[in-house]
Structures are given as structure tokens and as C-alpha cells.
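Undergrad: Chain A is already provided as a structure; the job is to place chains B and C on it using the hints.
Read off the chains here:
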Amino acid sequence: MTVIYARSKGLTDKDTHYCPGCTHGLIHRLVAEVLVELDLLNDAIGCASVGCSVLSYNYLNVDMIESAHGRAPAVATGVKRVHPTKPVFTYQGDGDLASIGTAEIVHVAHRGEKITTIFVNNAIYGMTGGQMAPTTLPMQKVTTAPEGRDVAHCGMPLRVSEMIAQIPGAAYVERVSVHSPKAVRQAKKAIRNGFLCQMGGFGFSLIEVLSTCPTGWGLSPVDSLQWLEDNMIPYYPLGVLRSPEEA
Amino acid sequence: MSKTLMKGNEALALAAIKGGCTHFFGYPITPQNEIPEFLAREFPRTGGVFLQAESELAAINMVYGAAAAGGRPMTSSSSPGIALMQEGMSSLAAAELPCVIVNVQRGGPGIGTIQPSQADYYQMTRGGGNGDYRILSFAPSTVQEGAEMMMAAFDLAEIYRTPVFIVSDGMLGQMMEPVELPEKTHRELPAKDWLAVGHGGKRKPNTVKTLALDPIVLEQRNLDLQAKYARIAAAETRWESYRTEGAEIILCAYGSTARIARNAIDLLAAEKITAGLIRPQTLWPFPVAAFEGLPESCRMILTVEMSCGQMVDDVRLAVNGRLPVAFYGRSGGIIPVPEEIAAKVKNLLGRA
Amino acid sequence: MAELKGRVRIATNSCKGCGLCIIACPEEIIVIDESTVNLKGYSPASISSPAQCIGCGNCALMCPDSVITVERFTVKRRAEHV
Chain A
1 MTVIYARSKG LTDKDTHYCP GCTHGLIHRL VAEVLVELDL LNDAIGCASV GCSVLSYNYL
61 NVDMIESAHG RAPAVATGVK RVHPTKPVFT YQGDGDLASI GTAEIVHVAH RGEKITTIFV
121 NNAIYGMTGG QMAPTTLPMQ KVTTAPEGRD VAHCGMPLRV SEMIAQIPGA AYVERVSVHS
181 PKAVRQAKKA IRNGFLCQMG GFGFSLIEVL STCPTGWGLS PVDSLQWLED NMIPYYPLGV
241 LRSPEEA
Chain B
248 MSKTLMKGNE ALALAAIKGG CTHFFGYPIT PQNEIPEFLA REFPRTGGVF LQAESELAAI
308 NMVYGAAAAG GRPMTSSSSP GIALMQEGMS SLAAAELPCV IVNVQRGGPG IGTIQPSQAD
368 YYQMTRGGGN GDYRILSFAP STVQEGAEMM MAAFDLAEIY RTPVFIVSDG MLGQMMEPVE
428 LPEKTHRELP AKDWLAVGHG GKRKPNTVKT LALDPIVLEQ RNLDLQAKYA RIAAAETRWE
488 SYRTEGAEII LCAYGSTARI ARNAIDLLAA EKITAGLIRP QTLWPFPVAA FEGLPESCRM
548 ILTVEMSCGQ MVDDVRLAVN GRLPVAFYGR SGGIIPVPEE IAAKVKNLLG RA
Chain C
600 MAELKGRVRI ATNSCKGCGL CIIACPEEII VIDESTVNLK GYSPASISSP AQCIGCGNCA
660 LMCPDSVITV ERFTVKRRAE HV
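Protein chains in written order, with the working numbering: chain A, 1 to 247; chain B, 248 to 599; chain C, 600 to 681.
For reference, chain A alone in the conformation it holds in the complex:
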């Protein structure tokens, strides 16, 4: 008898505060598993951000630093410049990274900072109650656009991976999803590649993970997976946008 799946040592034993079906917990688990498998858990330093995942430091079994909204890449830069050989990562949502934090994420890529950013994109601001995010889709109903996102009024959603992929210092950029077991397996591979890119000294790595927000979207957790597949993937295509091999 082999245990093929058990709770990762990369997670603490605290139950998360996330809503039922919120894929933050799933993505935390993937990060935790990758850190354990690559034997990086003991040296890893994570920079938490502001959003639903602000309490990620309670769930990931690594030393972590809370960062102000949007600033995690700058905080991570400070850390990595003190500890150039340790694995340093940021874990950010779409408000944190794509709204207030756009300067910081562009410049951490621009500098080719050897850190890994896990970007959790669920097209909404979850923690503050369901407002519009830069990644909210056209006509998607949110509390600050109750009739649906009006692109004439506030623009089309931001494709972060495409934006970052054309920066020379961004060595590995992949967009993945967690809407099915197959997608989750690919997401884990991508996160693993991101950390391998960092530890190999190639440059900045960004893994954008399309995720769900059942509470914000007003859907059941299972229906949310379907909504993601039907609505988010067409606008945010999955795949590797940049890798060290092509550079």
C-alpha cells in the first residue's frame, strides 16, 4: 500500500479561512508541494500580499513577510538582495498585482529579479466584497459595476502574462488554471518550473493561475470551475509565454 496523496509538509496544520471551494487553498497546496519536492522548504522566504490570501503566512510552512498592497515584489527584491541564493517568492491576487502593484511587478521583471511570483487571477476583488478587478471580464457583474463591466467606461481586462512576457528579464512566464484535475497537474508543473527557473539563475518567473471566487461570482464552487473554463480561458489563454529555452 502506497500513500499517493497526503497533506503536504509544506502546509501548516491550520485550517484555512478561505470560502468553501476557493482555489487559494488548492494553489497554496501546489506551492507547498513544489517547495517540498524541490527541497526548498527550509530556505524559502515568501512575501504575502493583501487580498483574501493576506493570511497565507498562517498556512504555508515557510518564513513569510507580510507586504503592503501591491508592494510584495519590492519586498521580495529587498529579501533576495540580502539572500541571493535562497528561494524567494511572492503570492499575489489580481488587485494586488494588476492594480496597485503594476509598477512593482513590471520592475521586478525588468530587473530580472530571481524570484517567483504566483499570480492568482480570479477576475474580482474577493476580500473586500466583490468589486471590479483589472482582470474582471467584459459584462461580468461586480459590486462596483453592477450592470457588468462596461469596457467603454473602464477599459478591457488586463492580460498580465502577455504584458510581462515581453520584458527581457522575465525568464519564465506561464498561464495555467485549476478548473480540472488535468489543469491542476499542469499548474503544479508550471509552479515547479518557475522555482527551477529561479534557482537556475535564469531570471524572473511569473505563474498566472486562473482561479475561482465562488462567493464573489455568486456561483457554487463546482459551477465556478465551469464558469472559469467557459469565460476566463477564452480571454486568458493557457500556455507557456516565455521560457529560458526560447530566450
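Restricting the straight-line Cα-Cα distance to at most 16 Å, the calculated cross-link-like pairs of lysine to aspartate or glutamate (EDC-like) are:
id : chain 1 : residue 1 : chain 2 : residue 2
1  : B       : Lys449    : A       : Asp39
2  : B       : Lys451    : A       : Asp13
3  : B       : Lys451    : A       : Asp43
4  : B       : Lys449    : A       : Asp43
5  : B       : Lys250    : B       : Glu424
Calculated directly from the structure, the hints in this document are not laboratory data.
TA: Below, chains B and C alone, put in the same frame as chain A:
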């Protein structure tokens, strides 16, 4: 080191290296650019790390990360850039992270001018980030004093687990004076077992944070911080007095303005008018004790600032109604001359 | 005698009843009994037919709360002994 003629900004940068600074993160802004430029040149030779950040917002957060990971970082900026950093200051104070921040003040508000001012007194001592916090703030008056304060700042930051401000201004930053850096005094520093450096599988993870959703917990955090601030106030408050014995009027000024006030006092002495000076060397903690037990001869206090009146509030609080407190200031980047301060004193004393 | 391929254990009191494991299971043997409630107040998931588990691990892969442990049997076992 023998006496060397140095620009104020450069002396601060050299003193930072000698004081044990390991990392500088900053963004260009006049009139402090000599600080990042000096460190960009010298750090690669001395083993420190210089990184130009994309903004002051990023710079202060790089300082935060480096401090949380065990570095001895600093940043420097000038008034509008310091304003951008205020969010970071609140976080640094809340997370109790040791670091040094230099403000080479310029005229404001807004983009203002590149000429000197002291119009950030409120910004440095009253927040301006959110929440109840205080930051140990030194106000040098000469290039030499700035260098000495900077050399001691990194250890003080670690001893108290606090950011430390060096509050300079455009004149002190740009002027050149002889500097002789002393040997660094060795101080016992507390162990940093709270750092986020990787737990090594040997302990529970450390978290550096400021969030505390439970109000009972957060109130206790605040009380603990206040207790620390009381300890700092008891041990680190500094001021200097000049000719206050038997003075009829006592001036209060800091930084560049204090030097000019001293010259005004000497001019007045030549006219047999007895004026003295209390010069705060720490802005926070403000030297309240300096205003207790003033000589019987003293009839009033005159606060002189390169602003529209900010430190005067603290002087009034310290004097507590015992004596009238007057104010004289220039703003917009204008530096007062000794003669105009002397004229104000004579006017106040009815000797105009 | 049936060949048991896999076994799933669910930490019932940590389960939030989100249902992602249910749609992940290719054998459709995970259910939520809405008449039961765990200590958190959720109706937790459980395995309706343990003998049909193939030990694929999809349920654990989808679980956001890491409450699922999956074992795979490499030696044939009698189903009655489970």
C-alpha cells in the same frame, strides 16, 4: 580618518557605510542625489548592495524586505518622496524593523522647490503614515554631527527594533564642511531570532507582519509599542543649549536654522541683548525637559523654523503656558539670515 | 473477490463541503449527505462505495483544504478486509 572637506550628503553616505549599512534602496530626487550616487560608487567596493528602485514606494518596501530578512538597509529621499514612503514608515514601525531613512528637506507643499526647508517637521514627527507610532528622529546641525548621528543610527535601529530618521535639509546636504569620522563604538546588539530567513527545518516559521485582526491583540501591540517609545524617550532624547544662562529670551531652532540662530544670538550679544538657544537634536523624542527649569531671566521663547510653524507646536506643549512662545519663519525655500532673526528678537523685546 | 485498488480518507471535521472532489472523481463515488453536519457546520464529503475506488488521486488533487489522503494498493486485497 583625518579631517576631510565633504559635502553633507556625501558625509552621510560615507558614515552609513562606516555605521554598518548593508543595502541602499532609493530613487533620485533633488537635493539628496549625492547619497545614492556615492553609495552606487562605493558599495561595490565595500561589499554593500546599491539598487535604484523604480519609485519611492518601491524603495521603502525594499528596505522593509531587506530588514525583515536580516539586512541593515537604508533609504534617503526628500520631502515629496518621503510623503510617498509614509505607508512604508507605518509598516516598518508596526513590524518593528530596523532601518535608517534620511530626509533632505526641500520646500513644499506639493512638488514645491529644491531649496531647503524644515516644512516636514509634522511629517517626520506626526506620522504621516496611519496609526499610533513614533520614529526616533535625529536632527543634525552640521555636516560632522550628521555623520556622527548616521554612524550610530544603524545600531540604535537594531537595539530598539525601530526605523531611525536623519532629518537634514537642502542646505546641510549641499554645503561642504570638515568631517572627521570617529571610530565606530561597539554596541551589544540584540539577537535577531525573529527574521524571515528560512526556518531550516529547525523551528516554527517566523512571520513578519503588521496585521492583527483581533482588537484585543492589536491594542496590546499598541501598548507594547508605546512602552518601547517611552524607553526610547527616556534614553535617547538629546538637545544642546547655547548661552541660555541668564538669557532674557530663548530661541528654539534645529538643523540649519539653529546655526543661523546662533549667529543671531552672537549679534545680539554684541548689542548687550541676552538671547540663548535650545537646539533639539532629536525631534522625536522632543526634548521637553529642556523647557523645564528655564532661567528666571527668561521672559519668552522664540521658535525659528524654515516653515510656517510646525515645531512651534511642540515647543508650546513643552512650555505648557508658563511663558509666551512666539514664532518666526521663512518658507518656500528661503533661508533666513541672522540679521532678520536678531531684528525679530529686538522687536519682541521692545528694543526695535 | 474484488480487487481493491485504492482507499480515500477524508478529515471530516476540516472538510468545507465544497464539492470539488465530487466532480473530480471519475468513479462518481464521493457524495455529500446534507443531513449530516461537521464541527464547522458544513456537510462534509464522504465515500459512498469504497470498494470502487481506483486510487487515482483526483479528489485529493482538487481539494482546496488538503483534507483527503489517498492510498493505492499494489498488492491485491480482499475487499471484505477493508
